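Knowing the structure of chain A, use the given hints to seat chain B on it.
Chains A and B supply the protein sequences, listed in that same order. Residue numbering for the first sequence follows our numbering, starting at 1 and increasing by one per position. Residue numbering for the second sequence follows our numbering, starting at 1 and increasing by one per position.
These are computed hints drawn from the structure, not numbers from a lab. Since this is a predicted model, take the numbers as computed values, not measurements. Note that the Cβ used here is the ideal one computed from N, Cα and C, for glycine as well. Please note: incorrect hints may appear among the correct ones.
[Claimed, not checked] Estimated spans, in silico, between C-beta atoms of each pair:
#	chain 1	residue 1	chain 2	residue 2	range
1	A	Pro20	B	Lys88	43 to 49 Å
2	B	Gln59	A	Asn127	48 to 54 Å
3	A	Asn127	B	Lys52	45 to 51 Å
4	A	Ala19	B	Val45	26 to 32 Å
[Unchecked claim] Derived coverage of chain B by chain A (criterion: at least 3 residues anywhere in the stretch with Cβ under 8 Å from a Cβ of chain A; other residues may be distant):
#	segment
5	88-99
6	176-182
[Unchecked claim] Chain A side only, calculated, beta carbon under 7 Å to chain B, not exhaustive:
#	residue
7	Lys13
8	Gly43
9	Asp44
10	Glu76
11	Ile106
12	Val165
13	Ala176
14	Lys179
15	Thr188
There are 2 protein chains.
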Amino acid sequence: MQFITEPMSIEEKSFEIIAPHLKNLNLSAEEIKIYSRIIHAAGDVDYAPIIKISERAIQAGKSALERGANIFTDVEMVRTGINKRVLKKFGGEIFCKVADAEVKKIAVQNKITRSMAAMRLFGKNLNNSIVAIGNAPTALFEVLRLVREENISPALIIGVPVGFVGAADSKAQLAAQSKIPFVTVEGTKGGSPIAVSVVNALLYLLDNSRD
Amino acid sequence: MQFITEPMSIEEKSFEIIAPHLKNLNLSAEEIKIYSRIIHAAGDVDYAPIIKISERAIQAGKSALERGANIFTDVEMVRTGINKRVLKKFGGEIFCKVADAEVKKIAVQNKITRSMAAMRLFGKNLNNSIVAIGNAPTALFEVLRLVREENISPALIIGVPVGFVGAADSKAQLAAQSKIPFVTVEGTKGGSPIAVSVVNALLYLLDNSRD
Numbered sequence: 001m002q003f004i005t006e007p008m009s010i011e012e013k014s015f016e017i018i019a020p021h022l023k024n025l026n027l028s029a030e031e032i033k034i035y036s037r038i039i040h041a042a043g044d045v046d047y048a049p050i051i052k053i054s055e056r057a058i059q060a061g062k063s064a065l066e067r068g069a070n071i072f073t074d075v076e077m078v079r080t081g082i083n084k085r086v087l088k089k090f091g092g093e094i095f096c097k098v099a100d101a102e103v104k105k106i107a108v109q110n111k112i113t114r115s116m117a118a119m120r121l122f123g124k125n126l127n128n129s130i131v132a133i134g135n136a137p138t139a140l141f142e143v144l145r146l147v148r149e150e151n152i153s154p155a156l157i158i159g160v161p162v163g164f165v166g167a168a169d170s171k172a173q174l175a176a177q178s179k180i181p182f183v184t185v186e187g188t189k190g191g192s193p194i195a196v197s198v199v200n201a202l203l204y205l206l207d208n209s210r211d
Numbered sequence: 001m002q003f004i005t006e007p008m009s010i011e012e013k014s015f016e017i018i019a020p021h022l023k024n025l026n027l028s029a030e031e032i033k034i035y036s037r038i039i040h041a042a043g044d045v046d047y048a049p050i051i052k053i054s055e056r057a058i059q060a061g062k063s064a065l066e067r068g069a070n071i072f073t074d075v076e077m078v079r080t081g082i083n084k085r086v087l088k089k090f091g092g093e094i095f096c097k098v099a100d101a102e103v104k105k106i107a108v109q110n111k112i113t114r115s116m117a118a119m120r121l122f123g124k125n126l127n128n129s130i131v132a133i134g135n136a137p138t139a140l141f142e143v144l145r146l147v148r149e150e151n152i153s154p155a156l157i158i159g160v161p162v163g164f165v166g167a168a169d170s171k172a173q174l175a176a177q178s179k180i181p182f183v184t185v186e187g188t189k190g191g192s193p194i195a196v197s198v199v200n201a202l203l204y205l206l207d208n209s210r211d
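Here chain A stands alone, though its shape is the one from the complex (with noise of 0.2 Å):
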């Protein structure tokens, strides 16, 4: 049997297979990257026409990581995905909290989910940031009221909370949202490898070399 087994060709021929269905799209090179890396990580091309981008979301991303923004996430597996090599050169970290027995506390004392409690814990660190949500609609509702009621500002929110019980309000909220830049997809998809795959996309637009 023959296959291909060298990963950058696994993702060149990859991304060749998925051209197609962006080219009615009136995509720039660069959003090209990020919709091929979010259509290649859920291997489903029904992403294209749901993947909203904001205007200045792909400069406002590239310029926080070059300048070593921090990451905060809502769950451990996008801090797992995330290339922390690329990251790392730019100064950067991950920061995820759902695990953590403080944020445990405030969840069960207010009677919210921990990736909210999480979120709200960050507070102020969010500023500047890159904001990654790839699983709780919680977490990405929380921001969004924090950007709301407290003035907090990332960089960069990636909202793709993945399911059937909020994530499509959560993801609309962002997209309406007009203060910070955003990347999201229409509906009930996303998750973790969604996230993740937006971040390392524009972690190869600024560094493209491969460990």
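Frame of chain A; chain B shown alone:
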């Protein structure tokens, strides 16, 4: 704004929304749990008709986990997502070698992917284990080669690699063999959250306590 913030309610509500999409598939109660968790993880009801669970798979997976079988996976995101608290109750551990220096060396020497080299290095440790492939088709091809050529015999293969190069073929090959019980999905979709959702669904069939 009102939204559900209690994790178990979110899950129950989600499973209720998924239920109508499963009703014509003639599933057992345990199959419904696995299907629901996959669809919940992807936010995508289009998974319903493409999930394939072999006849003995659920029993084989439960028995293996219950007697403390280990889990071998291709990527760290799968290890991250599995509920280690519940797994540990039964004595199992999760192994992932993709980032090991030895694996990198074998991959370079043999011009194969690291995921493939990692599976080759696991070798006989895969006997009676649970193999969970969430990302790399080459890892699944290698496991199937070990089964075919080296008489390696996992208790269950959860094979849900994702993408446009090899994923569909590797999963078709998994579904075509009848020696090892399996869970898979047809086509290009899949990914670490799908692999995680199957493992966790099996764990929750054995122990539905949550922390």
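Here is what the structure says about each hint:
{"no.": "1", "hint": "A/Pro20 <-> B/Lys88: 43 to 49 Å", "result": "47 Å, holds"}
{"no.": "2", "hint": "B/Gln59 <-> A/Asn127: 48 to 54 Å", "result": "52 Å, holds"}
{"no.": "3", "hint": "A/Asn127 <-> B/Lys52: 45 to 51 Å", "result": "47 Å, holds"}
{"no.": "4", "hint": "A/Ala19 <-> B/Val45: 26 to 32 Å", "result": "27 Å, holds"}
{"no.": "5", "hint": "88-99", "result": "violated (count 0)"}
{"no.": "6", "hint": "176-182", "result": "violated (count 0)"}
{"no.": "7", "hint": "Lys13", "result": "5 Å, holds"}
{"no.": "8", "hint": "Gly43", "result": "4 Å, holds"}
{"no.": "9", "hint": "Asp44", "result": "5 Å, holds"}
{"no.": "10", "hint": "Glu76", "result": "5 Å, holds"}
{"no.": "11", "hint": "Ile106", "result": "12 Å, violated"}
{"no.": "12", "hint": "Val165", "result": "5 Å, holds"}
{"no.": "13", "hint": "Ala176", "result": "13 Å, violated"}
{"no.": "14", "hint": "Lys179", "result": "17 Å, violated"}
{"no.": "15", "hint": "Thr188", "result": "4 Å, holds"}
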